[in-house]
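K.L.:
Work the whole structure out from these sequences, hints included.
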Amino acid sequence: MATLIQLVVSGLATGAIYALMAVGFTLLWQTSQTINFAQGEFVMVPAFFILEAMYLGAPFWLAILIGIALSLLLLGLVFKFVIVDPMLKHGVLPLVISTIALSLFMKEMVKNFYSSQAQPFPSLAPPIDLHAFGAVISTQSLTVLAVAIGAVVALHILLHKTRLGRAMQATAQNPTLAQILGIPVRRMVLYTFLINAVLCAVASTLISPIYLAKFINGEPLGIAAFLAAIIGGFNQVRGAILGGFILGVLDNLSAAYLSSTYRGAFPLLILIAVIMWRPQGLLGRVEERTV
Amino acid sequence: MNRLGAIIVGAAALFVLALPLFLKPYGIYLGSMWAVLSIAAMGLNLTLGYAGQVSLAQGAFVGIGAYTTALLMHAGVPYPIAFVAAGLVCFSVGWVLGYPALRVQHHYLAFVTLAFTALVFLVMRNEEWLTGGTYGLSGIPRPVLFGWSTNGAVSFYYFSLGVLIALAAGTWWMLRSPWGRAFVALRENPIRALSLGLDTRRYTLMAFAIGSSIGGLSGAVYAPLVQYIEPLSFALALSLNLLLMVIVGGSGYFFGPFVGALVAVLLPEWLRVIQSYYLLLYAVLVMVMMAFCPDGILGLLHRALKTMIFKRNPPQPALQPERTSR
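Sequences listed follow chains W and R, in order.
Residue numbers are given in this note's numbering: position 242 of the first sequence equals residue 242, and the series is strictly consecutive.
Count along the second sequence from 1, then add 1000; that gives the number in this note's numbering.
FYI, nobody ran anything at the bench for these hints, they're computed from the structure.
Treat each hint with caution, since some may be false.
[To be verified] Label pairs and their calculated CB-CB ranges:
#1 R:N1151 to W:Y55: 26 to 36 Å
#2 R:G1162 to W:R238: 50 to 60 Å
#3 W:A154 to R:L1194: 37 to 47 Å
#4 R:L1014 to W:D85: 43 to 53 Å
#5 R:W1179 to W:S260: 41 to 51 Å
#6 W:P220 to R:A1169: 36 to 46 Å
#7 R:W1179 to W:Q119: 25 to 35 Å
[Stated by the list, open to error] DSBU-like cross-link-like pairs, simulated, lysine-lysine; straight-line CA separation at most 35 Å:
#8 W:K89 to R:K1024
#9 R:K1311 to W:K111
#10 R:K1024 to W:K111
Built from N, CA and C at the ideal position, the CB exists for glycine as well.
P.N.:
Right, here's the structure in full:
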């Protein structure tokens, strides 16, 4: 029982990080039909912005802010205007290829200009073990959970309780109609790219103390983000959150109780099951096909 | 245009046939590698270029084909049977994999195949009793066909070239048949194809399964070429590279994959000077190409040729617009 609690809590913690990535991923898809195959690298890279800022003498909190600012600039603005915008007129496929190339580019940049070695990354909370119900729970897991849930709640409030958020949702659901109603659609799309950049930077800050900052981290993280988004529902933010948590917990439990060598396989099997029985995802809406 | 195309293809074929005369063994090895990659990319082009579905599993199918061939040959099965088996295994796996994925629209096949590639890698790495785990399988013999040993670099080059030409001819014939035309119809306008009575799902599934089996056949040539296979060669990176080859060459053009594979084989050799920065440059080139010419190299040539011909003899309007007065 104690082990089970431990596994579930740490699973929820990584799941929360997957959820952040998956939310950004679905936001981009909803507003601009961008399938970002570089999402994993978007989470790998901000850690290096932060490390570089700290190397130049900034304290950790300032380095995080610098990391978020740089992510907004490079992963938000530059990504949108340099990579996505020129490509949209060609349709979805060239953009998919381009983001695949972008992921390769980011990986190689870090490998060549920073380091190919795993870098230790400071953690947000001192690693103290708490004892509850006989289980050992690290403060690190709890901090990760708290920050990730905070970010998701903030995003939820933004999307559902503010005018801006409703305008963004309208843009996602029907851009033409939103335009007619006077919503600045282009600016709304840009906001989702910026939100994605921030979510990636936060996820990066949370995951790097656990996995260390390494240039090859992007691939497994990116796959986790896709899986979470599809399991939960590609067109729903709350689906992506649910998918993230399911994935994190399942990953931990299957590694502990079923087979550690096939750790990566169970989420994939769940994915195939979801696509078979509920292709729109657990919480997704059925989308009408457009001609 | 068509005659020009035939001349270019003929010249390229002569060049490829004469290649071993002026190359060192390493160059000939690269030539065989080009043939193997061309076969795999050609299979992917069926899925991507003709049926319009993104597959990230072609590398995994190459792997399945290579392991099938290696295991059967180690068990003493003659090469031709192992070769056919590799194709059949990949065809059935492709069918089973594509069936759920193609139930839904969008780019679900991309995600399912991505997951599949990761899964295949895990199986290859973990099932040591069968695949040798991380150590892989070594000592794969080169085939002896009708008393002709393909052990030497040059003879193996001609062998892989022969397989490439045979499969290319088969694919060419298939694309000219009503079946192949249906594939193109799916890409151009799936809803119109459906309304014309084509079972779109079945044809897309067929295109994917055939593309996968061609991937498996390329694995069957890859295994005796390198004579040592291990799981890492067939990880996601290979699938991504094959996808890039098809796109860079020109997806939907019959000879696109050949050009793409050539770029993928030659570029790292030419850019050896810049060493580890090679992939960086390659990534940038792909992004620039996608932004300005998503049709790939052949698409670029096609466009250039068209404007050239138009300049020389501008097209006459077929009919003079009638003056109508009301």
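K.L.:
Next step is simple, just say for each hint if it's right about the structure.
P.N.:
Results of checking the hints against the structure:
Checked against the given bound of 26 to 36 Å, the beta carbons of R:N1151 and W:Y55, roughly 55 Å apart, lie outside it. Evaluation of the 50 to 60 Å hint for R:G1162 and W:R238 yields a pass: the beta carbon distance comes to about 56 Å. With their beta carbons about 45 Å apart, W:A154 and R:L1194 fall inside the hinted range of 37 to 47 Å. Checked against the given bound of 43 to 53 Å, the beta carbons of R:L1014 and W:D85, roughly 45 Å apart, stay inside it.
Between R:W1179 and W:S260, the C-beta spacing of about 46 Å keeps the proposed range 41 to 51 Å intact. Between W:P220 and R:A1169, the C-beta spacing of about 41 Å keeps the proposed range 36 to 46 Å intact. At about 54 Å, the CB distance of R:W1179 to W:Q119 disagrees with the hint of 25 to 35 Å. Between W:K89 and R:K1024 the CA atoms are separated by roughly 46 Å; this puts the pair beyond 35 Å, and the hint is violated.
A distance of roughly 48 Å separates the Cα atoms of R:K1311 and W:K111; the hinted pair therefore is violated under the 35 Å criterion. Restraint check for R:K1024 and W:K111: satisfied, since their Cα atoms lie roughly 33 Å apart, inside the 35 Å limit.
Against the hints set out earlier in the document, violations occur for numbers 1, 7, 8 and 9.
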